[in-house]
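Novice: Here is what each chain is made of, one letter per residue.
There are 2 protein chains.
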Amino acid sequence: MSDSTVKFILSEKDIPTTWYNIIPDLPFQMMPPLHPGTLQPMNPGDLSRLFPMAVIEQEMSSKPEIDIPGEVLDVYRLWRPSPLFRARRLEAALRTPARIYYKYEGVSPAGSHKPNTAVAQAYYNKREGTRRLATETGAGQWGSALAMACSFFGLECSVYMVKVSYDQKPYRRALMQAYGADVTPSPSPKTAAGRSILAASPDSPGSLGIAISEAVEDAATHDDTKYSLGSVLNHVLLHQTVIGQEAQLQMEMAGEKPDYVVGCCGGGSNFGGLALPFVGETLKTKGSGRRGPRAIAVEPSACPTLTRGVYAYDYGDTAKVAPVAMMYTLGHGFVPAGIHAGGLRYHGDSPLVSALFHHGLIEARAVKQLPVFEAAVLFARSEGILPAPESAHAIRTAIDLAVEARETGADPAILIGLSGHGHFDLAAYDAYAAGILEDYEHPQDEIDRAIAELPVVNITAGEAS
Amino acid sequence: MSDSTVKFILSEKDIPTTWYNIIPDLPFQMMPPLHPGTLQPMNPGDLSRLFPMAVIEQEMSSKPEIDIPGEVLDVYRLWRPSPLFRARRLEAALRTPARIYYKYEGVSPAGSHKPNTAVAQAYYNKREGTRRLATETGAGQWGSALAMACSFFGLECSVYMVKVSYDQKPYRRALMQAYGADVTPSPSPKTAAGRSILAASPDSPGSLGIAISEAVEDAATHDDTKYSLGSVLNHVLLHQTVIGQEAQLQMEMAGEKPDYVVGCCGGGSNFGGLALPFVGETLKTKGSGRRGPRAIAVEPSACPTLTRGVYAYDYGDTAKVAPVAMMYTLGHGFVPAGIHAGGLRYHGDSPLVSALFHHGLIEARAVKQLPVFEAAVLFARSEGILPAPESAHAIRTAIDLAVEARETGADPAILIGLSGHGHFDLAAYDAYAAGILEDYEHPQDEIDRAIAELPVVNITAGEAS
Chain D
1 MSDSTVKFIL SEKDIPTTWY NIIPDLPFQM MPPLHPGTLQ PMNPGDLSRL
51 FPMAVIEQEM SSKPEIDIPG EVLDVYRLWR PSPLFRARRL EAALRTPARI
101 YYKYEGVSPA GSHKPNTAVA QAYYNKREGT RRLATETGAG QWGSALAMAC
151 SFFGLECSVY MVKVSYDQKP YRRALMQAYG ADVTPSPSPK TAAGRSILAA
201 SPDSPGSLGI AISEAVEDAA THDDTKYSLG SVLNHVLLHQ TVIGQEAQLQ
251 MEMAGEKPDY VVGCCGGGSN FGGLALPFVG ETLKTKGSGR RGPRAIAVEP
301 SACPTLTRGV YAYDYGDTAK VAPVAMMYTL GHGFVPAGIH AGGLRYHGDS
351 PLVSALFHHG LIEARAVKQL PVFEAAVLFA RSEGILPAPE SAHAIRTAID
401 LAVEARETGA DPAILIGLSG HGHFDLAAYD AYAAGILEDY EHPQDEIDRA
451 IAELPVVNIT AGEAS
Chain S
1 MSDSTVKFIL SEKDIPTTWY NIIPDLPFQM MPPLHPGTLQ PMNPGDLSRL
51 FPMAVIEQEM SSKPEIDIPG EVLDVYRLWR PSPLFRARRL EAALRTPARI
101 YYKYEGVSPA GSHKPNTAVA QAYYNKREGT RRLATETGAG QWGSALAMAC
151 SFFGLECSVY MVKVSYDQKP YRRALMQAYG ADVTPSPSPK TAAGRSILAA
201 SPDSPGSLGI AISEAVEDAA THDDTKYSLG SVLNHVLLHQ TVIGQEAQLQ
251 MEMAGEKPDY VVGCCGGGSN FGGLALPFVG ETLKTKGSGR RGPRAIAVEP
301 SACPTLTRGV YAYDYGDTAK VAPVAMMYTL GHGFVPAGIH AGGLRYHGDS
351 PLVSALFHHG LIEARAVKQL PVFEAAVLFA RSEGILPAPE SAHAIRTAID
401 LAVEARETGA DPAILIGLSG HGHFDLAAYD AYAAGILEDY EHPQDEIDRA
451 IAELPVVNIT AGEAS
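The listed protein sequences derive, respectively, from chains D and S.
Heads up, the first sequence is in the numbering used here, so the first residue is 1 and it goes up one at a time.
Heads up, the second sequence is in the numbering used here, so the first residue is 1 and it goes up one at a time.
Extracted from the complex, chain D is given alone in its bound form (with noise of 0.2 Å):
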């Protein structure tokens, strides 16, 4: 009557103790990020009144692996080990001869993997003697992790929180609130980022864009203040790493390689944590005639970043007050359709995960909205779990694979990362079921407008854009 149910359970000395870098074992180098204002290569001191020492050191570190301290593994286990399964009943509803998991990090108590970098991050802090952390959050997903990482550690917070999903998501506020965390729609007139835009049009729906560049300058301008992003930059995926080094370890269990290796990826900091340790065992024992993983980073056909973006020098926020990062981006003026996968409508994307998809070393598919939404719902009917609409996105190619092993006969090991729940999305499950979401490919004359506005970056170590 059902198919059986087949789970992966680490025990708690299975926790990983470092984080994997993945930096030393790159055929290639990084281009380092720009100061936004002399669009030259910035120093540790251009970041300090951002981050704390510990976090930029971090950033720029060239050690294979960094010790996760105790107080952020004591916080891990919370949640952590997370459980891997195996789809048993969605590869038996697909009659397909693939075998099919997922690594489950809707398991925190924030429901996503974004605990995994907020408690570390809101750990250096009050070890540094932050007071107070500024961020930014679309639907919220990041700022009530960073909500909850502060609560623990005993330091303020303050979220801006893009103003349409403020008045239409007021679940993920409320969250953030219980948490004990001060949250600001945005654009606000808190800051000067955010005055400017409210001048021009006082109607702002806001922006991830905007909201950055007010929580960036909120912590500038703020001695007692850094600022915290929860994607895109290289030590908010080397703490993801714990996602992949566990998915190894449950793989093994499994008795399996994985062929597929597949996460939804917005600013990349969920296909990062799991595909990294994959993709960095593959560089590690390239030669010897080991066929690592495929690794797919998919993103909504409405913010196609690495599919159709460019690979330049882009600023990462509105006002141009954030690093500059050399990237995949679709312009820092590009704006994304309403789609409901608000964590992956970001312009841009990670400069790690970029640079592996330049070299050819991960690949990417960009997917509509309604097949998402389908793919979700069958998985939920099957495996119980309601996916958050942005890791639909990577069940939704995972399917795709598997139906195409049962008609080529193949049988592929597929492991997905199921980054969070849909318990906030049920909104969007709801406009589905009503026939009134829509499909959406952003046109390419908006997508090249945008990109006609990218920086010209002249500098020793870069290239041109």
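Calculated directly from the structure, the hints in this document are not laboratory data.
Glycine residues also receive a C-beta, built at the ideal position from the N, C-alpha and C atoms.
A couple of the hints might just be wrong.
Rough simulated footprint, nothing fancy, chain D against chain S, three-plus residues with beta-carbon under 8 Å [to be verified]: (1) 178 to 191; (2) 424 to 432.
Simulated restraints on C-beta separations [to be verified]: (3) S:12 <-> D:409: 42 to 52 Å; (4) D:182 <-> S:37: 57 to 67 Å; (5) D:286 <-> S:69: 29 to 39 Å; (6) D:14 <-> S:408: 38 to 48 Å; (7) D:249 <-> S:13: 13 to 23 Å; (8) D:127 <-> S:408: 31 to 41 Å; (9) D:255 <-> S:37: 54 to 64 Å; (10) S:203 <-> D:49: 55 to 65 Å; (11) D:202 <-> S:222: 49 to 59 Å; (12) S:408 <-> D:284: 54 to 64 Å; (13) S:438 <-> D:310: 54 to 64 Å.
Since chain D is already given, all that's left is putting chain S on it; use the hints.
Specialist: Below, chain S without anything else, positioned relative to chain D:
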């Protein structure tokens, strides 16, 4: 900077393979359920229109242990064994010498303990050829659990959802629909019970009592359909004993015998599931001089069934079509205030929990809404998990006990049943933060009036109410 996380993880082989039936260990006879038409004891045949035979046998069984079918265990493994934590950060925040533990059921895909029985009921129905299950739900916790269970076993699921919740809490409705359930606002024109309510008051907001009447009528009038209830009945509490059995093992791992076992109590399935194995252990070792834990059922002051109701035979529903049970009740005409712990608003209580309370084997307390939310927020900021408002009733009482211990110098071990997360209840947290939530204590004259409508029962085995 933070106190350490102490988590007690069981392995898969520690998932109980039998449900614990307390009935043969009771030092008294349970009073039989009565037919709502004749007010005479029901026989298995009377119940067979509503339930599959396996469930009816469990409802009346005197076997001390009942095997959990492999197919049910197999689904349990998706989230069981559930974790048990020591709340070190909460203890530190309270500066209490008490040791506080919590058993967390929010790790299930539906976010609560309800799937423990939903899966079993769906399995037995499927095995006996049922095609469709009908049930009722208030806020939607139960409905979403049964919808998920039905999707696993290929059953149709029809949920009558209290209309005011259907309108005000679209997220739980959307979750049920994502699992494939058919959700109808109650009262509805689908049933005679619903039509008669609508004729009298077209704008009726509905109630759990009305929704039960509709679901029972639906099952009784369709050959392929059975009825499923998420609390109150013996077999439901039986299925939930996996919680308490696991908690016993985990408390042993912690080297503790709890002094207090505290659970919130509406219909009684969460409280019973946690407490019955502990109470049973005490009963079995009676005379050995061993003192068992004090088991405390916590209910809202707005619906104080155990603390201010009477122990009597009463109807389980508004239309008087469901079985009549001997229980603590506020009268089937009782309408509680619209508190946010929707799962604790039933006028009656589990006959098993009621009998244990009547015979002094468990205790009960009522707590008000505002102190409950105050406790919930303190818990979230200390332990990370945002509790469901229902579960927070137990947290409130545990905190009261811990503060009391600080003052008396005692050092008890307190075990909380944390039945679910509050990710669907953020509107309530929002109202609390905004200061617009009200305390509510039900007026005694209204309780007296509702109790005065109880049926007069004269049966051989029974006693007049």
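Novice: Provide an ascending list of the numbers of those earlier hints which the structure does not satisfy.
Specialist: Those not satisfied are hints 3, 5.
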